[in-house]
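Take the first sequence: its letter number 153 is residue 190 in the numbering used here, and every next letter is one higher.
Hints are not guaranteed to be accurate.
Lysine to aspartate or glutamate pairs mimicking EDC-like chemistry, simulated, CA-CA at most 20 Å apart [as the list claims (entries may be wrong)]:
1) Lys88 x Glu140
2) Lys79 x Glu58
3) Lys125 x Asp138
4) Lys103 x Glu140
5) Lys152 x Glu140
6) Lys142 x Asp159
7) Lys79 x Asp60
8) Lys88 x Asp138
9) Lys79 x Asp101
10) Lys125 x Asp112
11) Lys152 x Glu113
12) Lys117 x Asp101
Simulated restraints on C-beta separations [to be verified]:
13) Ser127 x Ala64: 25 to 35 Å
14) Pro100 x Ile166: 18 to 28 Å
15) Glu57 x Glu109: 19 to 29 Å
16) Thr49 x Ile95: 44 to 54 Å
17) Gly105 x Ala53: 41 to 51 Å
18) Cys73 x Asp159: 39 to 49 Å
19) Glu110 x Thr55: 11 to 21 Å
20) Asn50 x Pro165: 20 to 30 Å
The set of hints was computed from the structure by calculation and includes no laboratory data. We treat Cβ as the ideally placed atom computed from N, Cα and C, and that holds for glycine.
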Amino acid sequence: MGRSPCCEKAHTNKGAWTKEEDDRLIAYIRAHGEGCWRSLPKAAGLLRCGKSCRLRWINYLRPDLKRGNFAEEEDELIIKLHGLLGNKWSLIAGRLPGRTDNEIKNYWNTHIRRKLLSRGIDPTTHRPINEPASAGEVTTISFAGSTTKEESDKFITAGINLNIKEESSPVFERCPDLNLELRISPPYQQQAQEPLKTGGSTASLCFACSLGVQNSKDCSCNIGGGSSSNSGYDFVGLKTGILDYRSLEMK
DNA sequence: AAGCCCTCCAACCGCTTTGTG
DNA sequence: ACACAAAGCGGTTGGAGGGCT
Numbered sequence: 038m039g040r041s042p043c044c045e046k047a048h049t050n051k052g053a054w055t056k057e058e059d060d061r062l063i064a065y066i067r068a069h070g071e072g073c074w075r076s077l078p079k080a081a082g083l084l085r086c087g088k089s090c091r092l093r094w095i096n097y098l099r100p101d102l103k104r105g106n107f108a109e110e111e112d113e114l115i116i117k118l119h120g121l122l123g124n125k126w127s128l129i130a131g132r133l134p135g136r137t138d139n140e141i142k143n144y145w146n147t148h149i150r151r152k153l154l155s156r157g158i159d160p161t162t163h164r165p166i167n168e169p170a171s172a173g174e175v176t177t178i179s180f181a182g183s184t185t186k187e188e189s190d191k192f193i194t195a196g197i198n199l200n201i202k203e204e205s206s207p208v209f210e211r212c213p214d215l216n217l218e219l220r221i222s223p224p225y226q227q228q229a230q231e232p233l234k235t236g237g238s239t240a241s242l243c244f245a246c247s248l249g250v251q252n253s254k255d256c257s258c259n260i261g262g263g264s265s266s267n268s269g270y271d272f273v274g275l276k277t278g279i280l281d282y283r284s285l286e287m288k
């Protein structure tokens, strides 16, 4: 059985939006707010499908959009986030205020891919192009304060591999290609308050260090000399109560 | 000036996920 | 548990515009 169309296609406009359509959409959302995209076109007097309205608003008309060229810092952040998250554009966009997933996706495909290739880096794997897939040492990303068996189980359940220094327990190596499928969930408060256990001689990297920001105040693995008093770490500079690294679950 | 090629990006399409009854 | 609707997401496309010959 086929999927029912999202709208009555016979009576909808397609293609580029006109100024009048934009104005109507903006006026309607200002008056009524976002939501109920399916019924919005009719209510706003637009001959567009709801999906189209949503996309137009999110990608182009939203007042908080930061239009214009990407800064060098934004480039680097996108590269790092892409290395961690893959093509999860909406998650990446969530870390770049004022940028949309569509914008970042386009920017990646048109600029950053080329930039990485010119550096000799495979934009898909983030490895040097000539490097064999199995080469190199395994780097362990340590989730701060999560090195007990019980705690690690939570991540294992979520699909994250951890390196645990415990004789009887298996050693979980970091999967070389982290194919993260992430979801947002409430922050995990309890773990965030537990002290960091460095796991003996195992050198582990916290997220901050794995992102190349050693020595930052957010480093929690001590490799970069960061303060161990940090109970959690700031995933790409955003230590918030709403979304921290623990809020990233993998399927 | 004209034609071709390339780049960029807005918008579309189809699939997945989430919410609801 | 199931079906359906709605929303969200990521891949892809197509057209506008600019550069080059």
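Cross-check of the supplied hints:
With a C-alpha separation of about 17 Å, the suggested pair Lys88 and Glu140 falls inside the 20 Å cut-off, and the hint holds. With a C-alpha separation of about 12 Å, the suggested pairing of Lys79 with Glu58 holds against the 20 Å cut-off. Only pairs whose Cα atoms come within 20 Å are accepted, and Lys125 paired with Asp138 is accepted, the gap being roughly 8 Å. For the given pair, Lys103 sits about 10 Å from Glu140 by alpha-carbon distance, which is consistent with the 20 Å threshold.
With a C-alpha separation of about 17 Å, the suggested pairing of Lys152 with Glu140 holds against the 20 Å cut-off. A threshold of 20 Å between alpha carbons decides the hint, and for Lys142 with Asp159 the separation of about 17 Å falls inside it, so the pair holds. Between Lys79 and Asp60 the CA atoms are separated by roughly 15 Å; this keeps the pair inside 20 Å, and the hint holds. Between Lys88 and Asp138, the direct Cα distance comes to roughly 15 Å. Compliance with the 20 Å bound is thereby established for this hinted pair.
A distance of roughly 25 Å separates the Cα atoms of Lys79 and Asp101; the hinted pair therefore is violated under the 20 Å criterion. Between Lys125 and Asp112 the alpha-carbon distance is near 16 Å, which keeps this suggested pair within the 20 Å criterion. Proximity of Lys152 to Glu113 is assessed by CA-CA distance (about 11 Å); at most 20 Å being required, the pair is judged to hold. This hinted pair does not check out: Lys117 and Asp101 have alpha carbons roughly 24 Å apart, beyond 20 Å.
Remark: the range hint 25 to 35 Å for Ser127 to Ala64 is upheld by a beta-carbon distance near 27 Å. A C-beta distance of roughly 42 Å is found between Pro100 and Ile166, which places it outside the suggested range of 18 to 28 Å. Roughly 38 Å separates the CB atoms of Glu57 and Glu109, a value that falls outside the hinted 19 to 29 Å. Roughly 18 Å separates the CB atoms of Thr49 and Ile95, a value that falls outside the hinted 44 to 54 Å.
Under the hint 41 to 51 Å, the C-beta atoms of Gly105 and Ala53, about 21 Å apart, miss the expected range. Taken as a hint, the range 39 to 49 Å holds for the pair Cys73 and Asp159, whose Cβ atoms sit roughly 43 Å apart. Range check, Glu110 to Thr55: about 36 Å between beta-carbon atoms, so the 11 to 21 Å window is missed. Between Asn50 and Pro165 the beta carbons are some 48 Å apart, a value that contradicts the proposed interval 20 to 30 Å.
Comparing the model with each numbered hint stated earlier shows that hints 9, 12, 14, 15, 16, 17, 19 and 20 do not hold.
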